[in-house]
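Engineer: One letter stands for each residue in the lines below.
There are 4 protein chains.
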Amino acid sequence: MTHGTQVRAAIVGSTGYGGVELIRLLAAHPYVTVTSVVSSSNAGTLYSEGFPHLYEIVTDTLDEVDPQLLKSKADVVFLATPHGVSTKLVPSMLEAGLKVIDLSGDFRLKEADVYSQWYKKDAPEQGYLDRAVFGMSELFADEVKGADFVSNPGCFPTATTLGLYPAVKAGWIDPDTIIIDSKTGVSGGGRGLSMANHYSEVNENFKAYKVGVHQHTPEIEMVLSRAAGRPVTTTFTTHLVPMTRGIMSTMYATLTDKSRTSADFNELYRQFYEGRRFVRVRPTGTYPATKEVYGSNYCDIGMNVDARTGRITIISVIDNLVKGAAGQAIQNLNLMMGWDETLGLLFTPVYP
Amino acid sequence: MTHGTQVRAAIVGSTGYGGVELIRLLAAHPYVTVTSVVSSSNAGTLYSEGFPHLYEIVTDTLDEVDPQLLKSKADVVFLATPHGVSTKLVPSMLEAGLKVIDLSGDFRLKEADVYSQWYKKDAPEQGYLDRAVFGMSELFADEVKGADFVSNPGCFPTATTLGLYPAVKAGWIDPDTIIIDSKTGVSGGGRGLSMANHYSEVNENFKAYKVGVHQHTPEIEMVLSRAAGRPVTTTFTTHLVPMTRGIMSTMYATLTDKSRTSADFNELYRQFYEGRRFVRVRPTGTYPATKEVYGSNYCDIGMNVDARTGRITIISVIDNLVKGAAGQAIQNLNLMMGWDETLGLLFTPVYP
Amino acid sequence: MTHGTQVRAAIVGSTGYGGVELIRLLAAHPYVTVTSVVSSSNAGTLYSEGFPHLYEIVTDTLDEVDPQLLKSKADVVFLATPHGVSTKLVPSMLEAGLKVIDLSGDFRLKEADVYSQWYKKDAPEQGYLDRAVFGMSELFADEVKGADFVSNPGCFPTATTLGLYPAVKAGWIDPDTIIIDSKTGVSGGGRGLSMANHYSEVNENFKAYKVGVHQHTPEIEMVLSRAAGRPVTTTFTTHLVPMTRGIMSTMYATLTDKSRTSADFNELYRQFYEGRRFVRVRPTGTYPATKEVYGSNYCDIGMNVDARTGRITIISVIDNLVKGAAGQAIQNLNLMMGWDETLGLLFTPVYP
Amino acid sequence: MTHGTQVRAAIVGSTGYGGVELIRLLAAHPYVTVTSVVSSSNAGTLYSEGFPHLYEIVTDTLDEVDPQLLKSKADVVFLATPHGVSTKLVPSMLEAGLKVIDLSGDFRLKEADVYSQWYKKDAPEQGYLDRAVFGMSELFADEVKGADFVSNPGCFPTATTLGLYPAVKAGWIDPDTIIIDSKTGVSGGGRGLSMANHYSEVNENFKAYKVGVHQHTPEIEMVLSRAAGRPVTTTFTTHLVPMTRGIMSTMYATLTDKSRTSADFNELYRQFYEGRRFVRVRPTGTYPATKEVYGSNYCDIGMNVDARTGRITIISVIDNLVKGAAGQAIQNLNLMMGWDETLGLLFTPVYP
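Chain order of the listed sequences is E, S, Z and X.
Under full-length UniProt numbering, the residue at position 213 of the first sequence is numbered 213, and the numbers go up by one with no gaps.
Under full-length UniProt numbering, the residue at position 56 of the second sequence is numbered 56, and the numbers go up by one with no gaps.
Under full-length UniProt numbering, the residue at position 119 of the third sequence is numbered 119, and the numbers go up by one with no gaps.
Under full-length UniProt numbering, the residue at position 319 of the fourth sequence is numbered 319, and the numbers go up by one with no gaps.
Think of the hints as simulated: they come from the structure by calculation, not from any bench.
These figures come from a predicted structure and were not determined experimentally.
Beta carbons are placed, not taken as given, at the ideal position from N, Cα and C, and that holds for glycine.
Don't take each hint at face value.
What the hints assert, rightly or not - List time: in silico DSS-like cross-link candidates among lysine-lysine, alpha-carbon distance up to 30 Å:
no.	chain 1	residue 1	chain 2	residue 2
1	Z	Lys145	S	Lys258
2	X	Lys210	E	Lys258
3	E	Lys210	X	Lys99
4	S	Lys169	Z	Lys210
5	S	Lys121	S	Lys71
6	X	Lys169	X	Lys258
7	E	Lys169	E	Lys73
8	Z	Lys88	S	Lys258
9	E	Lys169	E	Lys210
10	X	Lys99	X	Lys110
To be verified - Far from chain S by the CB rule (all over 10 Å, computed), these chain X residues:
no.	residue
11	Ala96
12	His198
13	Ala263
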């Protein structure tokens, strides 16, 4: 594809927060045009009626979920659909010859029984699980390049594994001691109504949820096991922060060599992420806050070795809707198409 | 100036919120390069140390406030300085041959005594007051075009007068009945520390401030008087909302012809703002919320005529740091340079 | 009733925010014991399962809505039920010999057609409308004393009419010029799920709602008409603030005698509310913020006369769940029983 | 002291958040009267001028810091002063015969060099360190009873050690594996102005701070070492949540006997805290949120054993200004005086 040709993109599940963010980000992409916004409900209505921030910006009406229709209007489909829905939609989309980037959790895990155990749903067919490339852009870019079906990582796994991978891969921390304490803004819970997202219940409140049972646990362990070269089990706890956007993972592990310093780790991470513009390894002694990546595709990482305890604390932040969803999906599209991975994604964080 | 040539911009007061927002927005401008970030304190230190969201994005060190230095590095200077400071800096900047866009309140009012009365400071020299073009982009674009010194409007006056001007100009509301109830996010108070901006004092709190004495009152009256063709006095009250960004002005006035409807006003406003992309007149019966313009240069307006009372309620929202400060300043630069006023400013609002 | 005897109270609609607040406040009342928590759904389940903040404090299970059961367990019933539900429940409750305090809007308006027009529901029978005493405690205490059926005022009307009544009654402002700009925290919207209360839609957002059609409009006008001695029509606009609790009404009116000052009005209000402990008239030149009454039964009022425009700005704040609902309901119970109206209600505001 | 006699209390540092909260809570205490509010600055001014939520409630003017004056007006002194200030004030207060409850960190640690190392200040004299009873009410009540000088615990150590003590004491977790991930509302940072508490910097932001160097670390280790009967070292990380009140500590440790279940631990904790009304051990499978103890003196605890990893996750929440400061201080006063420890403290949490 030459630069003169626009790639046409359809967004299925366009009325969820992931879909809305894809629309915002793709509006600034030089080579992509959104040609269809799709919703299983509300087809035929004006998109901007439900999203007045896009008044006079998006003038489309919502399309139905119809692979042939999509094929006629688009080259690539983003599935920003709930878990379980992608399982049903992907085969017909691929069969229709569309490139597919799935933002749900359906195709991330490669073992059907692990999926069923954590997601409490029937897994997709194994053939599709095998075919889906797991799109953690900074770790597995080579596999994403040229793929036609990418499973976009979860928000927590993105922040977490980008923060842990270099240390595990290098053998500098003991994978059996990893503890992950994650915190997310409320938009991670989506646009569906629930008491858990009701303003007066969340505001001025901090709570843990899905303790010990979060479905992102096996996804994190899958990536860390790959880094370690052997199965890794972790303790992973998620918390809800009274804010809209942002994820922080605070991660703890025991050093394999207690003489290593914060500066050593900082240098290790800088080398590992050399040339990867969206990972910013912060100077030793400083730590990122979620607001510092707000609205952007950055993942910022800081770390501290505590000589008293022989442990490291690693802090990693992302915007859950960008690097944790829509942004990384576009980054994966860039890789799939052979473009510069930063194309259309160099948004400066919105601060304050 | 051809498109191949970059305009070089300096930002004085770059460590305040207005300055920080200029950096974010100008990073996306195709014809402008920020060549100097200036601060009266901290000169010589790395800019991103104080603003880690710009780590690896802005690598400059802070420059001193020195007109000759600025002249050597820049073509245009944005003054995002506190009231009273611009008064002192502008003459030397203009003398050095720099184009100047001043975001402070110093040069907005054209009568020195009115300035002194409301700002409690000595006014600039009358010659400079006369020379400064008041840059309410959608209302006075013709005057801004080709100017070399523009005084950028205040945040409240922008939201307010864009919401009232068409109705006053048309004579459809009685200017003597106008009441303006405005609400702003906390970033409008700037980055300077004060109990009024202390988190625990502001969070989960709503309060009025500067009741009857806000310095934006005469600026609003200046614009409305121009619309009415005679002096207009208004009641203007400001409130602080526990959020970072956003301004809403809710405005009330008595109709001059009680038979006019919401739809009539809606049509009047649509015609008035025809072709002005940053003003979005919302469909009759709907009203804008501040989040719907978050991070963008839009001013959205809705209105309702209440036949019971013969009054109209007009609601106007902006992002105080964009349309209310940095965004309109860049829009004015675009006009000054003869470019399309939307250049570099078509950011989609960040939602949610 | 002697002090040794406890009044037994039932709370119908105990799982809404009004009901939950009644439980919190009544726990500190020296003469009242909550003997039944009632819910149309969930009867039989442990109350604290849905409200873990009351774990080990409230150990009751939810009762069904059954007048005979309530009569056997309680002397007084608080109806914290949605509009339309109270209409159906009140007759049987009164018939069973229970004292009733209704927190819904069903019995506030005395004209059935006005109710139907604004609430879009069938009005209660006129006999019950006539029988219900409108319990604006500070204004109509004499009528509440000894009543057995009190209709508790709405949250906006409470803040608003307490702020306007003395000036209208005294004839110091022109009732035809009154404009009311109100702002409320999100808990005012209740515990029912809706997009309007969804965290990510509300947080960092400020919006107007029900512009020109809010059902509290006729209630406010009813009280102001009583003060003026003739029909009064007002412009009333409501806004949603990203916080949980708190209401502010900012009110504007034209003076009938332009020579009166802020201090004159302050003195008028102090005399009017002499001895009414829950209304705090703030010193001239200061204005209350919502947080300053958080969790308490106070209504704080400040005012400013603007000689430039001949208008007054009056600011009145309450905690919508206390003075605007549960607190005033208990204050009315105190009055009904002939007790000191402050009994059990002298909570110090929670600050910060 | 008989119940008929009121204890007179002075509050030094009454204009900080700890002092303000003492005033709110003591207003409801049946046996205590606040007779002096003290501030090193502003002496002579009306207290409520700075704290309008107390208008007409507190009518005192601020006293100077003068031990003899305090002795003449009070029986007990609460020191809600910054670290370093209490060191200087305590000796003269004790010498004057006043009972002292110190809310600062100055007298918590018993080893002067450890204090100096973590607080970067000179430690108090060893004699006073020895004399101060460490007032973790639920753990060391026997020592507090009858004491005349109590050092009130820190906010993080309160939430944390109440959550860990029973398990460490029982030998059910390995003390060397303990990791503590704590989160606090912004009021924990006090009322002093700093960029770290500036609204626009904190709102919609989540950040870690004092990573590896928080001064509460040795206090936590002191208590856990006492539980373990040997020195314990921990990893402790603190985070700032965009909310005003509330602390959660999420704590991780490896089981010593992997066959123990969540229910086993739940039962252990229930037995340990039997009769201690302010600790609420939540039912197995549920976890407390900070809002569920808002404004109250409760510490709520939940826990989950993860059989996959052989670790336990313990979650403990408090209101940092109540159980983490003013509330526990009053609880300690109750113990010192030989009263029921719950006196004046049975506030129901404010929810929502």
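Engineer: Now tell me if each hint is right for this structure.
Structural biologist: Evaluation of the provided hints:
Restraint check for lysine 145/Z and lysine 258/S: the C-alpha separation of about 45 Å exceeds 30 Å, so the hint is violated. Note on lysine 210/X and lysine 258/E: the hinted pairing holds, with a Cα-Cα distance of about 21 Å set against a maximum of 30 Å. Between the alpha carbons of lysine 210/E and lysine 99/X the distance comes to roughly 47 Å, so the proposed pair goes past 30 Å and is violated. Only pairs whose Cα atoms come within 30 Å are accepted, and lysine 169/S paired with lysine 210/Z is accepted, the gap being roughly 28 Å.
Taking the CA atoms of lysine 121/S and lysine 71/S, the gap is near 28 Å; set against the 30 Å cutoff, the hint holds. At roughly 17 Å between alpha-carbon atoms, lysine 169/X and lysine 258/X fall within 30 Å of each other, so this suggested pair holds. Between the alpha carbons of lysine 169/E and lysine 73/E the distance comes to roughly 43 Å, so the proposed pair goes past 30 Å and is violated. Proposed proximity of lysine 88/Z and lysine 258/S is contradicted: the alpha carbons are some 41 Å apart, above 30 Å.
Note on lysine 169/E and lysine 210/E: the hinted pairing holds, with a Cα-Cα distance of about 28 Å set against a maximum of 30 Å. Our distance criterion of 30 Å between C-alpha atoms is met by lysine 99/X and lysine 110/X, whose separation comes to about 20 Å. Residue placement check: alanine 96/X keeps its beta carbon more than 10 Å from all beta carbons of chain S (closest about 33 Å). Once the 10 Å rule is applied to beta carbons, histidine 198/X is inconsistent with being away from chain S; the minimum gap is 6 Å.
For alanine 263/X, the shortest C-beta to C-beta distance to chain S comes to about 38 Å, beyond the 10 Å cut-off, and the non-interface label holds.
When each numbered hint is compared with the structure, violations occur for hints 1, 3, 7, 8 and 12.
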